[in-house]
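Student: Generate coordinates for the entire structure from the input sequences, incorporating the hints supplied.
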Amino acid sequence: MIDVKALLPKDHVILNLTGSSRRQILAALAAPLDRDAVITDLDRFVDDLECRENEITTQVADGIAFPHARSPAVRRLALTVGIAEAPGLFLNPAVSEACRVFFLIAVPSFAPTAHLPLLQRLADFAHEPKRILKLLASKTPAQASRCLVSFKG
Amino acid sequence: MAVLARRRRGSVAPVWPGLRIKQADAYPKGRRRAKDELMRETVTAMLELQELEIILEESKIVHRTDPPRQMAEIQQRIVELRRQIPDRLLRRYDGHRRTGLGAVQEAAGLCRGCNLNVPQGDLNRMKNDQMHWICPNCGRFLLLESEEDKEEAGSQEA
Numbered sequence: 001m002i003d004v005k006a007l008l009p010k011d012h013v014i015l016n017l018t019g020s021s022r023r024q025i026l027a028a029l030a031a032p033l034d035r036d037a038v039i040t041d042l043d044r045f046v047d048d049l050e051c052r053e054n055e056i057t058t059q060v061a062d063g064i065a066f067p068h069a070r071s072p073a074v075r076r077l078a079l080t081v082g083i084a085e086a087p088g089l090f091l092n093p094a095v096s097e098a099c100r101v102f103f104l105i106a107v108p109s110f111a112p113t114a115h116l117p118l119l120q121r122l123a124d125f126a127h128e129p130k131r132i133l134k135l136l137a138s139k140t141p142a143q144a145s146r147c148l149v150s151f152k153g
Numbered sequence: 154m155a156v157l158a159r160r161r162r163g164s165v166a167p168v169w170p171g172l173r174i175k176q177a178d179a180y181p182k183g184r185r186r187a188k189d190e191l192m193r194e195t196v197t198a199m200l201e202l203q204e205l206e207i208i209l210e211e212s213k214i215v216h217r218t219d220p221p222r223q224m225a226e227i228q229q230r231i232v233e234l235r236r237q238i239p240d241r242l243l244r245r246y247d248g249h250r251r252t253g254l255g256a257v258q259e260a261a262g263l264c265r266g267c268n269l270n271v272p273q274g275d276l277n278r279m280k281n282d283q284m285h286w287i288c289p290n291c292g293r294f295l296l297l298e299s300e301e302d303k304e305e306a307g308s309q310e311a
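In the order they appear, the protein sequences are chains R and Y.
Mapping the first sequence onto this note's numbering, position 134 (from 1) lands on 134, and the numbers just tick up by one.
Mapping the second sequence onto this note's numbering, position 111 (from 1) lands on 264, and the numbers just tick up by one.
A portion of the hints provided could be inaccurate.
Mimicking SDA-like on lysine to any residue, the simulated pairs with C-alpha atoms at most 20 Å apart in a straight line are [to be verified]:
| # | chain 1 | residue 1 | chain 2 | residue 2 |
| --- | --- | --- | --- | --- |
| 1 | Y | K213 | R | L116 |
| 2 | Y | K213 | R | A114 |
| 3 | Y | K213 | R | V95 |
| 4 | Y | K188 | Y | Q258 |
Think of the hints as simulated: they come from the structure by calculation, not from any bench.
Tutor: As structure tokens, then:
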């Protein structure tokens, strides 16, 4: 089973996420990874995230998105969580619904399928609206991180 | 029987066609280059196919009951790419995909699938079309690093 606790330190949780465009939102989400040197080139990683979004959107109903991309700029598998204030942010111009919860996964290009168990676990977590409401009600990054880590699937 | 008859006649033709090893100069230089490009195109198509298959897998996880219309487009592209790859190579690729990756890139003599060193002799044989572009350690298809890739990697290091 994948260890979310190891992948999600509390400083990888962004409360009050902001951004007026898709690129700004993705760059804000990737900023903690850049700070921790998990990614070597922020611009390239954001380019790869946008490319992946253009293939098929990762936004699902209920205002949740799972942006992720395989990139040579990524050193290891990593996760960041972003929570935006209501009414949310528009990740995809083709989708009229705003997003409030973002799970960003950085995938190294040498292990392109390493994130699938993590994605499955996050999708299971997001499937239950009660859990998302609890995550949205988190007051601190540590509380949000605990909410995700305590989910056993 | 045909094999034995050939051997009796003292034929110089290879006894077991599967074990035939071509000499470096078996093909004229132009034809060798064309074969090299064909293999590069095939492995590139495999890498693209693999990428699309992974995207489809991700989308099935994320969009459970409400698949977006782009999924049908990706499925169509997968069908087209599979048509481009010869059946024999596609079977080998599918065999590896059942347990992970079917095609990977080679960088600085390393297979990106198993992270083991590919012997320089094997790399030379692959480039001279004496061997399929397959990692001798893990058996995955290898996309060999081109001269442009090497230059790009060199400029990034500098």
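Student: Run every hint past the structure and note whether it holds.
Tutor: Now for the hints, and whether the structure bears them out:
{"no.": "1", "hint": "Y:K213 x R:L116", "result": "holds (11 Å)"}
{"no.": "2", "hint": "Y:K213 x R:A114", "result": "holds (16 Å)"}
{"no.": "3", "hint": "Y:K213 x R:V95", "result": "holds (18 Å)"}
{"no.": "4", "hint": "Y:K188 x Y:Q258", "result": "holds (19 Å)"}
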